[in-house]
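Engineer: Chain residues, written in single-letter form:
4 protein chains.
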Amino acid sequence: MSQDSDLKKEEIVEKVASGQLKLHAIDQQVGPVEGVAVRREAIARMTGTDIQNLGSFSIDAAEVVGRNIENMIGAIQLPLGIAGPVTIQGEYASGNFYLPLATTEGALVASTNRGCSVISACGGATVRIFKDGMTRAPVFSARDVIHAREFVDWLADNFEAMKAKAAETTRFGELVEATPFVVGTDVHLRLRFDTKDAMGMNMATIASEAVSNYITEQFGIELVSLSGNMCTDKKPSAINNILGRGKTVVAEVVIPEDLVGAKLKTRCQSMSEVNYKKNLLGSARAGSMGYNAHAANIVAALYLACGQDAAHVVEGSSTITTMEMTPEGDLHCCVTMPAVQVGTVGGGTGIATQQECLQILGVAGAGEPPGVNAKKFAEIIGVAVLAGEISLIGAQSAGHLARAHKQLGRK
Amino acid sequence: MSQDSDLKKEEIVEKVASGQLKLHAIDQQVGPVEGVAVRREAIARMTGTDIQNLGSFSIDAAEVVGRNIENMIGAIQLPLGIAGPVTIQGEYASGNFYLPLATTEGALVASTNRGCSVISACGGATVRIFKDGMTRAPVFSARDVIHAREFVDWLADNFEAMKAKAAETTRFGELVEATPFVVGTDVHLRLRFDTKDAMGMNMATIASEAVSNYITEQFGIELVSLSGNMCTDKKPSAINNILGRGKTVVAEVVIPEDLVGAKLKTRCQSMSEVNYKKNLLGSARAGSMGYNAHAANIVAALYLACGQDAAHVVEGSSTITTMEMTPEGDLHCCVTMPAVQVGTVGGGTGIATQQECLQILGVAGAGEPPGVNAKKFAEIIGVAVLAGEISLIGAQSAGHLARAHKQLGRK
Amino acid sequence: MSQDSDLKKEEIVEKVASGQLKLHAIDQQVGPVEGVAVRREAIARMTGTDIQNLGSFSIDAAEVVGRNIENMIGAIQLPLGIAGPVTIQGEYASGNFYLPLATTEGALVASTNRGCSVISACGGATVRIFKDGMTRAPVFSARDVIHAREFVDWLADNFEAMKAKAAETTRFGELVEATPFVVGTDVHLRLRFDTKDAMGMNMATIASEAVSNYITEQFGIELVSLSGNMCTDKKPSAINNILGRGKTVVAEVVIPEDLVGAKLKTRCQSMSEVNYKKNLLGSARAGSMGYNAHAANIVAALYLACGQDAAHVVEGSSTITTMEMTPEGDLHCCVTMPAVQVGTVGGGTGIATQQECLQILGVAGAGEPPGVNAKKFAEIIGVAVLAGEISLIGAQSAGHLARAHKQLGRK
Amino acid sequence: MSQDSDLKKEEIVEKVASGQLKLHAIDQQVGPVEGVAVRREAIARMTGTDIQNLGSFSIDAAEVVGRNIENMIGAIQLPLGIAGPVTIQGEYASGNFYLPLATTEGALVASTNRGCSVISACGGATVRIFKDGMTRAPVFSARDVIHAREFVDWLADNFEAMKAKAAETTRFGELVEATPFVVGTDVHLRLRFDTKDAMGMNMATIASEAVSNYITEQFGIELVSLSGNMCTDKKPSAINNILGRGKTVVAEVVIPEDLVGAKLKTRCQSMSEVNYKKNLLGSARAGSMGYNAHAANIVAALYLACGQDAAHVVEGSSTITTMEMTPEGDLHCCVTMPAVQVGTVGGGTGIATQQECLQILGVAGAGEPPGVNAKKFAEIIGVAVLAGEISLIGAQSAGHLARAHKQLGRK
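Chains as they are written, first to last, in numbering that gives the first Met the number 0: chain A, 0 to 410; chain B, 0 to 410; chain C, 0 to 410; chain D, 0 to 410.
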């Protein structure tokens with residue numbers, strides 16, 4: 000960088016620090032890439048901090064600025080560990096997989112790895128997707144209850160037209176269902192889309208806007224908000240748990256008694272009991288929507304590694320985990336995940352480090368045919384969560400949760 | 000690196016690739032730091048990928064390996080943006096703050112920034128903590144209902160002894176409450192701890208083990224699991240929403256009508272209506288535990304930036320957002336967050352980039368007296384979420400949610 | 000009664016009292032009608048009580064024994080009050096109605112009556128049914144996840160055959176929807192039926208058995224239970240609140256400000272605020288599924304009067320009540336009831352006193368065409384609940400809840 | 000009745016029918032007892048119905064009018080059956096009990112009776128109360144968050160004064176806990192009372208008003224409503240399920256395998272599986288708060304027989320039922336009822352037929368010392384529900400639910 004540019008940079012920093020220039024206006028002065036450093040310098044000065052590590056990154060600022068981030072000042076680094084290989088027998092994912100996990104929680108990778116080892120020793124986990132579709136639910140306000148009733152009738156007769164309107168906004172997406180729910184004189188219209196390899200929230204929003212505009216014009220009803228929370232996005236929600244959002248995934252494995260003893264140092268009966276008393280009865284008594292041990296941990300680590308939306312960990316936490324004795328005395332372990340909202344294109348998937356994690360899983364980019372990569376990814380997630388559950392319930396069953404934390408853990 | 004070490008590295012990679020050496024055994028051969036590169040190379044080879052960006056990091060592998068991560072192969076990078084400054088009038092946080100937000104969701108930083116701008120233009124947001132305490136709830140199995148009843152009575156008489164047992168395990172933590180819940184013949188004992196500046200999950204687990212051991216010895220009852228899910232950790236849960244976990248935070252601001260027009264291009268009445276129909280009625284109809292627009296987004300971005308546990312985004316999503324007209328025609332905006340589980344020491348807070356983000360907020364490390372840094376941090380989170388809610392409800396109210404996504408957003 | 004029969008009666012009483020004869024075996028000795036008195040005498044003797052009031056009843060024991068009750072010893076009497084008239088503008092119910100309310104809660108009839116008076120003074124309440132159908136959900140156990148997935152696919156292809164099987168069991172009922180939900184390797188199949196004027200639980204159960212038998216034979220999968228609780232019957236349940244069960248009813252009325260002042264001694268603004276802070280925010284904070292003041296009270300009183308199943312009060316309690324200011328300064332009051340499970344034939348509707356209550360409402364027996372009586376009844380219930388909500392929120396708003404109870408009420 | 004009074008009666012009926020006289024004004028003309036007949040005649044005329052059975056009752060109108068009912072026109076009759084005897088080993092209830100059940104659902108008494116028979120054959124069920132206290136939660140509106148925070152602090156310092164204020168309003172009741180919950184700037188204060196033998200809702204309301212008045216005067220904060228729904232009364236609610244309301248009751252019995260075969264025609268393993276897949280997993284998947292088969296049925300039938308508030312069936316439906324194999328191969332059955340809200344004085348308990356049902360149970364009137372009768376009653380309810388659960392799960396396990404309904408049941 001030349002002396003001139005250094006001077007200019009210093010000048011801008013000063014202007015920002017003195018309030019003459021807004022943080023987001025920096026890019027217009029020096030461009031988005033250079034803007035990152037200038038802005039970081041300004042923040043460092045204003046807050047009296049030395050934040051040079053934030054400036055150490057290899058991802059392409061020119062790519063992420065405006066697409067993934069605004070007012071960028073650098074990047075944070077999350078340690079990435081590997082669990083696996085885990086053997087998966089899915090409809091889309093088949094074979095051995097190494098799981099990239101980005102986390103700062105000590106013991107999490109080791110624990111998941113142990114679960115993977117158990118699953119693989121059993122010959123792998125089976126996994127299937129039971130439902131698929133991203134939802135967005137605009138809310139309309141009717142004049143009165145009669146108007147609301149007429150609207151619901153009208154919707155039943157106009158699905159094909161709405162589908163056509165949605166199709167105009169997206170090359171890949173497809174409107175597959177439109178379900179109205181009434182509350183007072185409001186009608187929430189839950190639109191479900193097949194969004195192929197994209198997680199699809201943005202695609203669904205844009206298509207929903209087109210559908211909503213069509214509705215307001217044709218039927219004549221006020222659109223209150225493009226989202227009325229019956230979507231439901233990033234909030235724990237019975238509607239997602241019941242009807243699904245994104246992909247509904249179920250993964251299972253049967254673990255022989257001797258393997259439980261050898262690898263988990265406990266017994267099938269004990270794990271079944273802990274799962275029952277903790278994940279089912281304890282959760283029921285707590286009024287919890289999550290009948291699992293720590294699904295959110297594995298979901299978070301995988302989502303972060305692979306460029307998914309971290310806030311979708313919320314829905315991942317609603318997993319139901321079952322561990323049941325088979326007639327042969329082995330342990331049938333299963334996770335039911337109603338709402339796995341993932342994509343292999345769009346969002347943070349294009350960022351270099353995240354893209355590499357998707358490559359490790361063999362699911363980077365669009366699939367052929369479209370949609371298979373996201374489905375494969377969802378199946379992997381199901382099995383990864385299964386691994387996490389097996390390991391933690393095994394540990395709690397063996398009574399060494401606290402000890403594991405003491406050795407590896409956090410303050 | 001010498002030729003010898005290169006040879007050895009290559010040899011290890013081969014052994015791992017051929018299954019002769021386990022991934023986690025690498026560290027014993029070459030040490031934890033060198034192990035990262037060797038393991039990455041092995042994964043690259045086994046998966047046929049080029050994952051060099053994952054190797055580009057500045058955080059100290061020697062520090063994080065074993066503490067935050069196992070089987071490390073590198074780091075992922077998350078773009079970091081800045082929102083603010085936002086003016087905060089808390090009990091612990093007071094003044095102007097710049098918010099570090101790590102996210103890949105386009106428009107999120109810009110949106111939060113807009114909310115900060117509105118809040119600051121109002122003179123700042125007020126925020127208070129209403130409850131504080133990290134919980135862990137072991138589950139015990141009584142012989143029968145009579146035994147369970149006796150146990151509950153015994154617990155009521157032995158709180159001080161349990162408190163003393165907990166104190167033996169931790170220098171900072173303190174047992175402040177022990178509440179039993181019965182389900183069948185199981186008794187869940189929800190232990191609440193003051194964990195000062197630590198998020199405290201690990202501290203609580205270790206102390207709970209000591210307490211549980213004391214109980215099993217003194218009273219004679221079987222410990223089924225150190226966690227019986229009435230804690231509740233990382234699952235959406237009514238018990239946390241009602242009784243709180245971590246810090247219960249409420250933040251508010253009153254926005255004058257003219258400011259709503261100038262900055263948000265909408266009206267108070269409209270925002271109040273959208274919030275009511277979406278965040279309250281829509282969430283109620285959806286059976287949602289989250290009465291907010293996108294609290295999880297801001298929580299996730301702040302938690303990731305600042306080294307918090309990403310899976311705790313789950314609890315952050317249970318925020319209740321209210322927006323009510325004042326008698327003067329202005330808008331009272333408020334967020335109630337029942338379970339903000341954060342710390343400024345431990346967990347991922349010591350990683351260089353995350354540590355710098357905490358420094359930007361002025362909350363890095365232990366506070367003086369202990370606890371004030373975590374409390375200050377929680378107050379900042381409350382106001383950041385408030386900013387996010389104001390901005391998104393404003394946008395949905397102004398009808399340009401989809402348009403904003405089209406310009407900035409994701410596929 | 001002759002001396003002989005008295006002797007025999009005494010003999011039987013003695014045998015029962017001494018444990019030689021079972022309570023239910025009495026009917027075989029003296030017939031079901033005489034059995035009532037004998038059994039009552041036996042109970043009186045065994046418990047040392049004088050229970051002659053239980054023997055004072057006019058309903059026909061010959062009719063109810065075996066149909067509605069077993070081991071009958073008499074009847075209890077519930078005081079019946081009348082509220083109304085209330086003006087209703089429904090699709091099925093139109094005109095003025097007197098509401099028969101069976102209750103022992105002082106002030107309830109008076110309060111409902113006040114609400115009716117307010118509604119009628121407004122020209123009546125509008126009411127519409129948005130969804131209709133009784134559900135039963137058998138649960139099947141698949142061999143594994145793959146089997147479960149195949150089952151779900153098979154179900155999608157065999158709806159018409161299942162519908163035909165259901166039709167063989169009932170003259171009136173009709174299978175209209177079959178939705179599978181997976182949890183682990185279990186598949187719950189939620190069957191929805193149009194049951195016309197019957198509440199339909201029994202009809203749905205019998206038809207579900209036929210459908211289930213067909214499934215187990217044709218597809219080959221184990222039926223675990225004819226009900227797997229995803230029906231959901233007589234438990235508070237998100238699935239009913241979201242998807243409806245029985246009839247989904249919405250009733251509304253706009254109350255002018257002056258009427259609120261004159262009749263309810265409060266103001267629209269105040270009622271709107273109480274409803275918002277209590278029925279919405281308070282319920283949200285409590286983790287409640289009922290966003291109303293006391294819908295269950297009115298539902299219970301009407302159901303009991305009209306021979307409905309008292310346990311279905313549970314679902315009635317999940318009502319959402321809204322009270323919003325109109326632009327003109329009046330109050331829009333609305334109740335949304337997702338699951339009104341009622342019939343005008345079957346169950347307790349044929350008992351003389353209950354039949355008379357149905358006659359008061361003009362909905363006794365089967366409608367012409369079938370189904371209209373039950374729909375009319377559901378509309379009346381919606382408006383009755385609306386009346387109850389208006390009155391209680393009015394009272395709480397006016398601050399005299401406790402005073403009202405003091406004057407009329409219970410210890 | 001004299002000719003004169005007949006004339007007068009006819010005149011009044013005419014006035015009411017023509018709208019000149021209000022229904023509730025009749026009592027002033029002819030007194031409350033005669034008013035019942037006159038009002039019934041007026042309703043009959045206005046609705047064109049013959050409702051003479053409603054006039055057939057033996058309960059004392061003079062007693063119930065004004066106390067339990069207004070605008071009385073008669074009484075409905077509910078068939079009463081007897082189940083039992085059932086052997087109970089409670090802290091308060093000990094011995095054999097006959098259960099009076101008022102219902103119109105065919106098979107319910109027979110089913111409960113079967114459960115009682117099983118329990119008694121096992122030597123009886125054990126039952127204990129784990130928590131006791133009726134709640135009322137007024138909601139206060141603070142000026143802002145700081146004010147709300149100060150209020151919460153003030154409350155912590157003023158419990159004894161509030162307790163004293165409550166004591167001024169009731170001879171028996173006692174304030175035992177006051178817990179604040181914040182939502183925005185509202186503070187809900189959940190007051191818990193020991194109400195001895197009364198269900199206590201009215202007592203709690205009156206005492207809460209006194210406490211609220213004290214608070215508004217002393218601290219200076221607006222009372223929005225005497226109930227803000229965090230009580231929570233007559234709505235399904237996590238707060239009641241977690242913290243309890245009324246009495247928290249747990250009842251258990253161990254049924255030997257041979258008895259399950261002999262009496263229930265099924266096997267322990269099968270019942271355990273049905274309970275697990277239906278009451279736990281099915282309920283979890285449905286987003287239900289009730290983890291039971293049909294607790295509401297038994298609760299409703301007992302409550303109606305014994306003069307309890309029918310709307311409290313709602314809370315009774317939140318029972319958790321567990322059925323687990325013992326190491327010996329027998330079946331441990333248990334019900335956990337978090338909120339049994341019952342009394343033996345007040346409400347409908349004084350009505351003659353209901354009073355007789357309480358006498359059959361040996362719990363009529365106030366206990367000595369006060370409170371023991373209500374506790375005994377609650378224990379009986381717990382065991383009755385246990386009987387109902389055993390019988391229905393047994394039936395569903397044996398696959399004859401539908402068949403049972405076909406024989407005994409309803410259309």
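If you are wondering where the hints come from, they were derived from the structure by calculation, not from laboratory data.
A hint or two may mislead.
A pair holds if it fits inside one copy or across any two, identical chains being indistinguishable in the list.
[Stated by the list, open to error] Within a straight-line C-alpha distance of at most 27 Å, the following computed DSS-like cross-link-like pairs (lysine-lysine) qualify:
#1 K262 <-> K21
#2 K262 <-> K162
#3 K162 <-> K130
#4 K8 <-> K21
#5 K7 <-> K264
#6 K21 <-> K162
#7 K7 <-> K21
#8 K162 <-> K264
#9 K8 <-> K162
Engineer: Starting from the hint list further up, note which numbers the structure goes against and sort them upward.
Structural biologist: The structure breaks hints 2, 5, 6, 8, 9; every other hint is satisfied.
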